[in-house]
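**Q** Given next are the chains, with one letter for each unit.
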Amino acid sequence: MNDLVIRTENLTKVYGEQEAVKSVNVHVKKGRIYGLLGRNGAGKTTIMKMVLGLTSITSGEVQLFGKNIRGQEKRIYPRIGAIIETPGFYPNLTGTENLEIFAKLRGTSRPDAVKNALEVVGLPYKDKKLFSKYSLGMKQRLGIANAIMHDPELLILDEPINGLDPIGIAEIRKFLQDLSKERGKTILISSHILSEIDLLADDIGIIHEGNLLEESSMDELRKKNQKYVLFRVSSTATAARILEQKCGGVKYRIEDDNVMRIYDMDIDLSMVNQAFITNNIGVYESSVCDESLEDYFKEITGGVGIA
Amino acid sequence: MLKMLEAEFKKIKRQKFILLTVLAACLFPIPLTIVIVHSKLNYDTLLMFVMEFGFFLVLPIVLGIIASILFRMENENGTLKTLSVIPVPRWKLLGAKVIIIYILAIFYGVAAIGATMIGGLFTGTISDIPLKLAISLSMSVLIATASLPMIAAAVVFQKNFILPILCSVIYAVASFAFSVMLLKVPAPLTLLFRCSLPFITANPERMEMVENVQNWVLPVFPCILSLIGMGTVCMVLSAYIYRKQEV
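Those protein sequences? They're chains A and B, same order as listed. Counting from 1, position 141 in the first sequence corresponds to residue 141 in the numbering used here; the numbering is continuous, with no gaps. Residues are numbered in the numbering used here as their position in the second sequence, beginning at 1, plus a constant of 1000.
If we strip away everything but chain A, and leave its shape as in the complex, we get (with noise of 0.2 Å):
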């Protein structure tokens, strides 16, 4: 339990009629990369945003570093850097004017943390160019490097890569590793980029319609995922209604009209073929496939994928 970052337990937010988040336990551990995970409008900013005091809570409590943050927020919150939707700057100002500011107000005590902090984001010190001149990728840069100057112990990132080019994201992906694994941080991060969170995380949390459907380790995830036989066929009615014939109680699932999984590995193959083929169903590919992180998350949330 101590080594619990962020513990939220029965969170809940409710704007006028809508629940947006629905009784939600999520438990960040310390020194790991938590992906949560889930479509546009599913609940993740509205999660972040309650830990961060930026929107009240409904009901339910936030423990950060095993504290409850009501009352609390003085000491918590200088621990953190997030960024939330995003990255809030002045547009009038530069970047490096605008980090010096938030430098001051956080009281950062290193004299060359800005210039570290641009440094680390691959942003120039002391460059002339205006925020609002800045591209999106630029701004989400100034975004992390903010939420990073004052060295702290848990970043909670909303949708950090938004609008980075792939080498940008790969710069940041790499990043966001090393201060996990190196230097110990834990990291919050959201995205509704799939590989993204699989490619990152270490432990991950489902969110859909503001319900957290599943939180486990990334490990735990791809143990649990299965292994199936991908059909591709002429029409998967009619190879179902022969599935059920010839091999009852068969565990499969129909994608489309040509499309079906086929989840029993112990199934004798050459006998499904040759029953599809003999009647009269034009079989084009059959292959043996690990279900992705995509499958699992359209297995849960009953949906059609996340993007």
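What the hints contain is simulated information worked out from the structure, not anything from laboratory work. Where a beta carbon is used, it is the ideal one built from N, C-alpha and C, also for glycine. Don't take each hint at face value.
[Claimed, not checked] To give an idea of the chain A side of the interface with chain B (calculated C-beta under 8 Å), a few residues: (1) 52; (2) 53; (3) 55; (4) 73; (5) 77; (6) 86; (7) 90; (8) 91; (9) 97; (10) 104; (11) 105; (12) 106; (13) 108.
[Claimed, not checked] Away from chain A, derived, C-beta distances all over 10 Å, residues of chain B: (14) 1040; (15) 1053; (16) 1135; (17) 1203; (18) 1214; (19) 1219; (20) 1228.
[Said to hold, decoys possible] Below 20 Å or equal to it, Euclidean Cα-Cα: the simulated PhoX-like pairs (lysine-lysine) are: (21) A/74 with B/1092; (22) A/133 with B/1016; (23) A/115 with A/126; (24) A/181 with A/30; (25) A/139 with A/128; (26) B/1003 with A/74; (27) A/129 with A/115; (28) B/1184 with B/1016; (29) B/1013 with A/133; (30) A/104 with B/1092; (31) A/227 with A/298; (32) A/115 with B/1010; (33) A/104 with B/1013; (34) A/129 with B/1010; (35) A/129 with B/1244; (36) B/1092 with B/1010; (37) B/1003 with A/128; (38) A/104 with B/1003; (39) A/251 with A/181; (40) A/251 with A/223.
Fit chain B to the supplied structure of chain A, relying on the hints for placement.
**A** Frame of chain A, contents of chain B only:
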């Protein structure tokens, strides 16, 4: 708080409207000097003109627009989120912005009176410079205090740019109209006008002769107390609303 103030000053760097008003206040001496020299005006008449129109009409509108810029910039750019996470208490942020407004009010006020003084030096009709500077300084502070309802409007409508400015213009113009019509409306700016008239008029003897003006003028001390009371209510209300606003 000093850090907050320093940060607030940095934030207004390159803000065109504020730069423009500061520049206008600095360049004020030139046209006024020309007016004084060419029209051979009495310095006190010009001073009264600057006080009445500049302080009671233009200055509150300028302060209202600046308040609107200061509060909206945090909301529009999402910096209120960044500041809240640091965490910067909202009351401190509000306090720093209000102090900036007071500092600018003093700057504009002293610059305007300084401008008329330069004109007065050319005509040689100027007298009591320290007293006049003290009056301009006090008037600037009091005008800023009487403008606190506009700051409350800027806090309430911080997501909107036009609405708080519109409120400021209506408040300043209506208060000015109440004042010139000698109405006894308890608007802070009108109250201030009523108690400051004996200090800013160019013809105190004439004012004493007109009975309805005499009846309209208020004593200074209770008036300032009322202003401070109203200002305090506005600040408490603004702090409460600002703290409650979610980002």
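**Q** Against each hint, give a clear statement of whether it holds in the structure.
**A** Hint check:
Given hint, residue 52 of chain A at the interface with chain B, holds; its Cβ is 5 Å from that chain's nearest Cβ, closer than 8 Å. With its C-beta approaching chain B no nearer than about 7 Å, residue 53 of chain A sits inside the 8 Å limit, and its interface hint holds. About 5 Å separates the beta-carbon of residue 55 of chain A from the nearest beta-carbon of chain B, less than 8 Å, and the hint is met. Taking 8 Å as the C-beta cut-off, the interface hint given for residue 73 of chain A holds, the closest approach to chain B being about 5 Å.
At about 4 Å, the closest approach between the beta carbon of residue 77 of chain A and any beta carbon in chain B falls short of 8 Å, and the interface hint on this residue holds. Proximity of residue 86 of chain A to chain B holds as hinted, the smallest CB-CB distance being about 6 Å (cut-off 8 Å). Nearest Cβ of chain B to the Cβ of residue 90 of chain A: about 6 Å, under the 8 Å cut. The hint holds. Because the smallest distance between the Cβ of residue 91 of chain A and any Cβ of chain B comes to about 6 Å, under 8 Å, the interface hint for this residue holds.
Look at residue 97 of chain A: its Cβ gets to within about 7 Å of chain B, closer than 8 Å, so that hint holds up. For the restraint placing residue 104 of chain A at the interface with chain B, the shortest Cβ-Cβ distance is roughly 5 Å, inside the 8 Å limit, so the hint holds. Against a cut-off of 8 Å between C-beta atoms, the interface hint on residue 105 of chain A holds, since the closest Cβ of chain B lies about 6 Å away. With a least beta-carbon distance of about 5 Å to chain B, the hint placing residue 106 of chain A at the interface is held under the 8 Å criterion.
At a threshold of 8 Å, the smallest CB-CB gap from residue 108 of chain A to chain B is about 10 Å, leaving the interface hint violated. Chain A leaves residue 1040 of chain B outside its interface by the beta-carbon criterion, the shortest separation being 45 Å against a cut-off of 10 Å. Against chain A, the non-interface label of residue 1053 of chain B holds: every CB pair exceeds 10 Å, the least being about 31 Å. Every C-beta of chain A lies more than 10 Å from that of residue 1135 of chain B, the closest at about 35 Å, which supports listing it as non-interface.
The Cβ of residue 1203 of chain B sits about 46 Å from the closest Cβ of chain A, beyond the 10 Å cut-off, so the non-interface label holds. With a closest Cβ-Cβ approach of about 50 Å to chain A, residue 1214 of chain B is found to remain outside the 10 Å limit, as its non-interface label requires. Listed as a non-interface residue, residue 1219 of chain B keeps its Cβ farther than 10 Å from every Cβ of chain A; the least gap is roughly 44 Å. At the 10 Å boundary, the C-beta of residue 1228 of chain B stays outside the reach of chain A, the nearest C-beta of that chain being 30 Å off.
The hinted pair formed by residue 74 of chain A and residue 1092 of chain B meets the criterion: a straight-line CA distance of about 13 Å does not exceed 20 Å. In summary, the hint linking residue 133 of chain A to residue 1016 of chain B is supported, as the alpha carbons are separated by about 17 Å, within the 20 Å threshold. With a C-alpha separation of about 8 Å, the suggested pairing of residue 115 of chain A with residue 126 of chain A holds against the 20 Å cut-off. Only pairs whose Cα atoms come within 20 Å are accepted, and residue 181 of chain A paired with residue 30 of chain A is accepted, the gap being roughly 11 Å.
This hinted pair checks out: residue 139 of chain A and residue 128 of chain A have alpha carbons roughly 15 Å apart, not beyond 20 Å. Pair hint residue 1003 of chain B plus residue 74 of chain A holds up; C-alpha atoms about 17 Å apart against a cutoff of 20 Å. With a CA separation close to 16 Å, the supplied pair residue 129 of chain A and residue 115 of chain A stays within the 20 Å bound. With a C-alpha separation of about 38 Å, the suggested pairing of residue 1184 of chain B with residue 1016 of chain B is violated against the 20 Å cut-off.
A hinted pair counts as satisfied when its Cα atoms are at most 20 Å apart, and residue 1013 of chain B with residue 133 of chain A qualifies at roughly 16 Å. Of the supplied pair hints, the one linking residue 104 of chain A and residue 1092 of chain B holds, its CA atoms being roughly 14 Å apart against a limit of 20 Å. Taking the CA atoms of residue 227 of chain A and residue 298 of chain A, the gap is near 15 Å; set against the 20 Å cutoff, the hint holds. A hinted pair counts as satisfied when its Cα atoms are at most 20 Å apart, and residue 115 of chain A with residue 1010 of chain B qualifies at roughly 18 Å.
Of the pairs offered as hints, the one joining residue 104 of chain A and residue 1013 of chain B holds, with about 16 Å between alpha carbons and a cut-off of 20 Å not exceeded. As the CA atoms of residue 129 of chain A and residue 1010 of chain B are separated by approximately 16 Å, the hinted pair is consistent with the 20 Å bound. Straight-line distance between C-alpha atoms of residue 129 of chain A and residue 1244 of chain B comes to about 35 Å, which puts the hinted pair past the 20 Å bound. At roughly 16 Å between alpha-carbon atoms, residue 1092 of chain B and residue 1010 of chain B fall within 20 Å of each other, so this suggested pair holds.
Distance hint between residue 1003 of chain B and residue 128 of chain A is unfulfilled; the C-alpha atoms sit about 24 Å from each other, more than 20 Å. About 7 Å separates the Cα atoms of residue 104 of chain A and residue 1003 of chain B, which keeps this hinted pair within 20 Å; it holds. Only pairs whose Cα atoms come within 20 Å are accepted, and residue 251 of chain A paired with residue 181 of chain A is rejected, the gap being roughly 40 Å. Proposed proximity of residue 251 of chain A and residue 223 of chain A is supported: the alpha carbons are some 19 Å apart, at most 20 Å.
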